[in-house]
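Participant: Sequence:
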Amino acid sequence: MFSPMIQNLISSSGQQVAMQRAVQLNSYLNPPKLSNVDMPKDVDKKSFAEVLKNSKAQQTDKTGFGTLIKNPSETVKAKILGSAGKFGSLTGLGNISALTTASASTSIPEVSRNAPKAQILAMIDKVAKKHGVDQKLVRALVRQESGFNPNATSHCGAQGLMQLMPATAKGLGVTDAYNPVQNVEGGVKYLKGLLNKYNGNVILALAAYNAGPGAVDKYGNVPPYKETQNYVKSILANYL
1 MFSPMIQNLI SSSGQQVAMQ RAVQLNSYLN PPKLSNVDMP KDVDKKSFAE VLKNSKAQQT
61 DKTGFGTLIK NPSETVKAKI LGSAGKFGSL TGLGNISALT TASASTSIPE VSRNAPKAQI
121 LAMIDKVAKK HGVDQKLVRA LVRQESGFNP NATSHCGAQG LMQLMPATAK GLGVTDAYNP
181 VQNVEGGVKY LKGLLNKYNG NVILALAAYN AGPGAVDKYG NVPPYKETQN YVKSILANYL
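Numbering (the working numbering), first residue to last: 1 to 240.
Honestly, the hints are just simulated from the structure, not real lab data.
Where hints are given, some of them may not hold.
Unchecked claim - Restricting the straight-line Cα-Cα distance to at most 30 Å, the calculated cross-link-like pairs of lysine-lysine (DSSO-like) are:
id : residue 1 : residue 2
1  : Lys197    : Lys126
2  : Lys126    : Lys170
3  : Lys170    : Lys117
4  : Lys117    : Lys130
5  : Lys126    : Lys136
6  : Lys218    : Lys170
7  : Lys197    : Lys218
8  : Lys129    : Lys170
9  : Lys197    : Lys130
10 : Lys170    : Lys226
11 : Lys226    : Lys197
12 : Lys136    : Lys218
13 : Lys197    : Lys136
14 : Lys136    : Lys170
15 : Lys136    : Lys226
16 : Lys197    : Lys129
17 : Lys170    : Lys197
Let the sequences and hints guide you as you build the complete structure.
Facilitator: Now the structure itself:
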C-alpha cells in the first residue's frame with residue numbers, strides 16, 4: 001500500500017496545499033525520508049480502490065491530486081482526439097506539433113544510446129523542461145518503462161527509453177525509436193497530450209500511457225487491468 005506521505009498527498013484537497021504544490025512542488029518531492037519509500041510488490045486492493053475513487057473525483061475537483069501535480073504554468077495548445085495509446089497507432093491525434101510549447105524549437109543535443117545513466121537523466125530533464133512537463137514525472141515513467149535503457153525492446157515490440165510502439169513512434173515524428181533524444185521527445189509530447197486530455201490528472205494520464213486512452217475512457221477511470229494498476233502505482237511510488 002502507499003506510504004502515509006503518498007496517501008496523504010493523494011487525499012488532500014485543501015486550497016493551501018494546492019497553492020503550495022503549484023508554487024513549490026519540490027518541497028513535497030524531497031522529504032527527509034523519501035528514500036524509505038519502497039517499490040510496491042503487490043497491489044493492496046483496498047488502498048488502490050481508494051486511489052481510483054480519488055482520481056475520478058479529481059476530474060471535477062480542481063484542487064485535487066492531478067491538478068496539484070500538473071505544471072501550473074503549462075500552456076496546452078491541443079488535445080489528443082484519438083483513442084489509441086502506447087499499444088496502437090495515433091490515428092486521430094491531429095497535429096502533434098500543437099502539443100509542444102513555444103520553446104519546442106529548442107534543440108536538444110544528441111545523446112548516444114550507450115551513454116551513461118547520468119547523461120541520459122540530464123537529457124530527460126532538458127526534454128521535459130522544453131515541453132513543460134514535470135521532470136520527475138518523466139524520470140519515474142522512463143524508469144518504469146525501460147530502466148533508463150535506450151536499447152530496451154519489450155516482448156510486444158515497444159522500443160527505447162519510453163517504450164514507443166513503431167506505429168506510435170511514427171505518429172509522433174520519431175524516425176529512430178532507439179535514438180534517446182527522439183524517443184524521449186516523442187514520449188514526452190504524448191504524455192503531455194494525455195495530461196491535457198485528463199485535465200492534469202496524473203493517475204489517468206499514466207494509465208492511458210500504459211493501456212491507451214480508449215481503455216481509460218471506456219471505464220471512466222484506471223482500467224481494471226492488473227498490469228496497468230501496478231504500473232500506475234509503481235510510477236507514483238517513484239515520483240512522489
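Participant: Taking the numbered hints from earlier one at a time, note which ones the structure violates and give those numbers from smallest to largest.
Facilitator: Structure breaks no hint.
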